[in-house]
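K.L.:
What follows is each chain in one-letter form.
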Amino acid sequence: MKPRPDQRRAARPRRIARLALAVALARVTSGCDAVSTPTLELWAAGREGEVVSELMPEFEARHPGLRVHVQPLPFLGAHEKLLTAVVGESAPDLAPLGNTWLPEFAMIGALDPLDDAVARSAVIRSADYFEGVWSTNLYEGRQYGVPWYVDTRLLFYRRDLLREAGFEAPPSDWAGWLAMLEALARRFAARGENDKTPIYLRLDEPELLIALAQQTGEPLLRDGLRYGNFRGPGFRRALEFYVNMFRAGLAPQHGMTQIGNLWDEFARGNFIFYVSGPWQLGELERRLPPELADSWATAPLPGATGPGSSLALGSSLVVFSGSKRKAAAWSLIEYLSEPAVQRRFYELTGDLPPRRETWTDERLTSDRNVAAFRAQLERMEPTAPVPEWERIQKEVAIISERAARGALGIEQALAELDARADRILEKRRWILERSSAAAGAQEVTR
Amino acid sequence: MRSSRAGWLFVTPALLAIGVFFAVPVLAALVLSATDFDIYALADLNNVRFVGFGNYIRLLSTPLFWQALKNTLFFVVLGVPTSIALSLGSALLLHAGVARAKGLFRTALFAPVVTTVVAVAVIWMFLLHTRYGLVNYGLGLLGLPRVDWLGDPRWSMPAIALFSIWKNFGYNMVIFLAALQSIPGDLYEAARIDGASAPQQFRYVTLPSLAPTLLLVSVLTIAGYFQLFAEPYVMTQGGPLQSTTSVLYFMYEEGFKWWNLGSASAVAFILFFLTFIITRVQLALARRWSPS
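If you're matching them up, the sequences are chains V and W in order. Position 25, counted from 1, in the first sequence is what this note's numbering calls 32; the numbers after and before it change by one each time, with no gaps. Position 87, counted from 1, in the second sequence is what this note's numbering calls 88; the numbers after and before it change by one each time, with no gaps.
Isolated chain W, as found in the complex (with noise of 0.2 Å):
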């Protein structure tokens, strides 16, 4: 029992802090998410009504929400595969050894990573421009007409996501990398000698080998897509026709700029639901899938 309380005592400091810092505040947030707390209960706070689920009610009936939803669902559609797809790509040749000076490609691609999103969306603003952006200079060279990246609704969000891979995939492939490196190298020996093609080495061995990492890489992605704030906020400020609002944009406008914090707490719990939901289905597929 000793021993137990001796745990205890060594746990409290980080279960006071979690309590303190998360705890509280979630629940909090989620009693401000039946309320609905705005300007007016600055004043007063007998102008606080309580609503009960009429946030959620009310979100479901507003079409800015569900157009935010839209936008989110599509750049996570779009974003997800091709920057998971772009980092195994990237790791897989920095890992093969054909690139030399392999050290210098790692720091290259792993930069973009480490830089301020502010400071690299302007550059992508000028990179993306309509009439001077390098971007539709090449697509010229191509004999492609220019594209109004970010002022036309339908190109805006590939934009960003285009954008968003570019400064993320760095990560996910440093990832790869060090797991592609913890494959053992008898593994390939073996399949070589039973006469395994390169593309067969790479679905029997490589594969079933990165199946833990791809899971890890895939749940940690999807929760991040599903984030999409900055480059929204730095680059089009939600526009143009609302397209570029993600569900956290439209969070922080109906909490911080127009102070309905009820309401903003709701979109806040429908985004961690429908995060927890799309984790617990991708954990459930892994281990329908996974080969034990």
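With the rest of the complex left out, here is chain V (with noise of 0.2 Å):
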């Protein structure tokens, strides 16, 4: 559509105003060309947005007279622009969201609910998901989501290095977890090596510090979600545990501007331990010279006693409940949700599959990094459900931050937090009381 130069050049104003409408028109028109055929509208943030297209062609040959467009995300922005297209009204007809963020868009009404659907549904059934994912799609009872993909914390760490240091295996509770960073910090210490230390830990990312304190199986808010319960036994014993790591010297004490490249500082062996998530594996894999492939690996986060949790992180389909093709982005999830499909999609992007049959498969099983991961799947624990813990969670990085740069003592730190979780979720309490008045005045009318 666009004109040649020599047109431009003899193009009056006139007829140039006449292109533009032509080009703007033919815009719109191309977004639906779609007068006989209905589109679904897929939004999706990040790498995964950019893949999930090679999926389409399958699913439009399998569902001829329906076609998929798939907008892309930047990752960044993605939950304000879906949140404000929810409220300009012109959210897409589904899109995976962050199962972290799921509260809150089924909170203001945006999502539509899905028991029926995945009661009825052959293809999605919730035993084959494991359990910690699948809960973080329940809000106040009801379903809004499938799991799409799940992520999860646990600890990268050097295989070679660990052994030199005399040990064989990863630790398995934060008891050995802490001799083996003694013992290595000592080992430093000792080679004159002042610049290295056993751990890696971002202040500024409070995931391990969530992870930990939900081991303890002490929940972070307390009376049906109404108040901060950081004072309480739980948060305050993995707190000391984290800060401890910091403080003595294992981690050091940097944010996240310090390392301008954390696999090559992981490669030098500046630090042996780090904590991050599956899309390390193929950073990893990409990133480290061929001759470290064998020397790290991955572990499951080590609990409190034994073996421990780590959190439910992970994204999942909903469908917007201004959508006018329900029925169909419901065939969509089903599609996306098969266990072919989402070995495919694991393929693509690393990302790890929410259900256990998609597991059995060899590319899946073969790899023991990937292994570790599915140990984990297993014990999974997710972040309280109200809109404002993502709100809550930032207060807990700005209070564990201060705490461990030693600016807080702990029962400052604590205190502080629950002050802090208090005064967020007083809008809460205050819409909890109001409706519980309500329901109490209903009662006495009766």
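It should be emphasised that the hints constitute simulated quantities derived from the structure, not laboratory data. Positions of the beta carbon are idealized from the N, C-alpha and C atoms, including for glycine. Misleading hints may appear alongside valid ones.
Claimed, not checked - Here's a subset of chain V near chain W, in silico, CB distances under 10 Å, partners left out:
no.	residue
1	V93
2	I115
3	A117
4	D202
5	N268
6	L288
7	E395
8	A414
9	I417
10	R430
11	K434
12	W437
13	R441
Assembly of the complex is requested from the two constituent chains, each provided in isolation within its own frame, with the hints serving as guidance.
P.N.:
Okay, here's the thing in structure tokens:
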């Protein structure tokens, strides 16, 4: 539709205007040259958004007369864009949603409940999914999403260097882990390697601390998720353990900007352990020098007592309540949940599949580093299902960073966290009290 | 009367645009700042409570808000004088004619202004890197210890200020250069005949002639520096230890990350009043100090 330069030069203003209009119209109609074929709108963030369209031809072949338009979103802006789209009533038909965002979107009524569809489905069987991640899709008793892929956190470590220091196996509980880190620190000190620390942790990422706290079995919010429970014994123990790693010099007191290239530092042996997620598997294979290919490994997170749980993060497929093609959107969710399709998706992205049947494939079982994740997926704890959780988690990051740098004592940090969480949850308490008061009034009139 | 009607007719489109795109949103934001509009309000408008000055009062008891204000003031106090002095200094050098290849230098010094913040911020993150950065390499040559520029809460804001000054001083430099070129040469000639030395010429001829430009530049620069946002957004995300969380960055998080639009609007108005008061003080001082 673009005019050739010679045309453009000859064009007079009115002609230019007409051309512009034509171009604009062409743009509008190409978005939905679907006057005849209905098109499903799917928005997906990050790398997944870029590759998921490769799975669509087969779906479209199976559903003649249905097309899928995939709109990739930048990862950092995805939450804002989806929320704004919901408010502006221009949300897509379906999208993968970070499962910590799900309570928020469900609360504002943006999502379509899927309980009936799941109950009827021949493809999606809840028992086949890992419980931890399945339960993140429930909000106030109803189901709003189907897990698409799982994300969790576990240990990455240098097998060779750990063995050199005399440890054959990775730690399985906090006490063993601490003993190992202290032994490594002594070894570095004895060899004058002052630049090295046994573990590298990102101070601005509270995921590990939250995971450790949830291992203790004590919830982080109390009284029907109305108040913070950070002064409870569970979180206290976890914070003490976590902060000690920094204060005792087992982990460097760095923020995120300090380490320019995590993989270079890991390859140099500047730290032995770090905590991260499944995307690191691909990164390590790509970025570490080939001679180190066998020198690193993964291990499930050590627990308070014995093998511990980790966070049930990940992404879930949801249908937006404003969609006019909910049945079609559901058929796409079912298609993306088929084990064969999930295996192809795993090959495209390295994202971990959420159901056990998909994991029976040899491509997933043969890799020892992936196997550690498989073990971890059986032990996952969801975070508190309140819309405010991300905000509370940010406060945990702020306060725990202060405590780790020694600017706050443990006791002060815990009190401050409870105060901040209670303040964030004030609106939630008001709404719950109002609705229970309204329910009470109804009782009386009856 | 007819001519005045014609006048109104001509300004109507502009007034409409200002009304729709400025006055109405500002009023809406003012109303919003008196409510606790948040994510729950998206579910049901009955969840909005009128809180009057509640948001403002709550902000004043929020440690992070005070920290953001402190960070921003630190940035302004550090950045504005340095930036203006650098702009004036480089404009004087370019104007003096001692420099060869004037056009080249003018372009080179102005170039950072027209580059994208995000792109050059990435380059600066490499320059400021603790272990491999050029800045620390330079410090090492001078025998000074390495500084963890963006990771140490004491150095992060100076590092951001350094980057901002480098990025922005060319703009003011061009304004100063234009003003310098418009100072009549006979003033200097008269001063020289009276036996004024070079510093005296600067003090009694150049500076007074530049006074209106200096005022303009300082008002613009202070207003601009109070709105620090893109640099910490790209380079530090407000960290480490919230040391680079500016007022605007705080507002962005309140509004777009946590969807507390009521509270975010209140932050915007506080920043507006702060800038307003400071500009008024500047104008009052300028009036008092002006020779007439």
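K.L.:
Would you pick out the hints that fail for this structure and give their numbers low to high?
P.N.:
Checked against the structure, the hints that fail are numbers 6 and 9, while the rest are satisfied.
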